[in-house]
Amino acid sequence: MNIRVVLADDQVLVRAGFRVLLETEDGFEVCGEAGNGTEAVAQALRHRPDIVVMDIRMPGVDGLEATRQITSNPELSGVKVLVLTTFDVDEYVYEALRAGASGFLLKDTEPVELLRALQVINAGEALLAPTVTRRLIAEFVGRPENRRVDSSAVREVTDREREVLALVAGGLSNDEIAAQLVISTATARTHVSRIMTKIGARDRAQLVVLAYESGLVTPRGK
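Residue numbers (our numbering): 1 to 222.
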């Protein structure tokens, strides 16, 4: 089954380039395009794609607000967001991840990396380069206004779950977590799901951000 994609970018040539790339590859389908955040949300509601490829900086309603609207809408719970940016350390990227985006890519990424990113996100994994993510989080997580995780939720996380969470934040997959902790992949997956429920994370990417914000995981050098 094809991965259905909506392309949201205010530059027509960028959208055209992405469309050509995806439509010449097996397994992908572009089902809609948007030039701003309002259109992106409308296209998501109309087509219910698997993924919205979202530029952050667009006129009117930007990609950040559009991401919030998509990820907070129960009708769009199956729609994932891949954020595009021209900067690898960008406060807007950080906010998009907090809002529920499943990952981010730089706009100058090689075409094959975009295809891989869509496959990774569609499979339910987070697209987070650990070094870049740590740098992003280290820059913004220390701000008092960024501490939004309920302390009572943090207390419910067990010691074992903290171990798992640290490995998730380090970029490990469920299989890699299972191997490191000598448990089954199913058990690792269960731990991750329980932690997400406890601290209110929409997906694995948001889980990593909340892990740092809550203090359950500390960025290196902090």
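You may find that some hints are simply not true.
[Stated by the list, open to error] Below, simulated EDC-like cross-link-like pairs (lysine to aspartate or glutamate); rule was C-alpha separation at most 20 Å, straight line: (1) Lys107 - Glu176; (2) Lys107 - Glu95; (3) Lys198 - Glu163; (4) Lys107 - Glu91; (5) Lys198 - Glu125; (6) Lys198 - Asp159; (7) Lys107 - Glu156; (8) Lys107 - Glu163.
[As the list claims (entries may be wrong)] Estimated spans, in silico, between C-beta atoms of each pair: (9) Glu91 - Val14: 16 to 24 Å; (10) Leu13 - Arg189: 18 to 26 Å; (11) Leu45 - Gly215: 35 to 43 Å; (12) Gln119 - Ala186: 21 to 29 Å.
None of these hints come from the bench; they were simulated from the model.
Bear in mind the structure is a predicted one, so any value in this text is a computation, not a measurement.
Note that beta-carbon positions come from the ideal geometry of N, C-alpha and C, so glycine has one too.
Hints versus structure:
1. Lys107 - Glu176: Since the Cα atoms of Lys107 and Glu176 sit roughly 29 Å apart, the hinted pair is violated (cutoff 20 Å).
2. Lys107 - Glu95: holds (18 Å)
3. Lys198 - Glu163: Holds, at about 15 Å.
4. Lys107 - Glu91: holds (16 Å)
5. Lys198 - Glu125: Between Lys198 and Glu125 the Cα gap is close to 19 Å, so the pair holds against 20 Å.
6. Lys198 - Asp159: holds (14 Å)
7. Lys107 - Glu156: Not satisfied, since the Cα-Cα distance of roughly 39 Å exceeds 20 Å.
8. Lys107 - Glu163: violated (34 Å)
9. Glu91 - Val14: 16 to 24 Å: About 22 Å separates the Cβ atoms of Glu91 and Val14, which means 16 to 24 Å holds.
10. Leu13 - Arg189: 18 to 26 Å: Violated, since Leu13 and Arg189 (Cβ atoms, about 41 Å apart) do not stay within the stated range.
11. Leu45 - Gly215: 35 to 43 Å: With Cβ atoms ~36 Å apart, the hint holds.
12. Gln119 - Ala186: 21 to 29 Å: The hinted range 21 to 29 Å holds for Gln119 and Ala186, with Cβ atoms some 22 Å apart.
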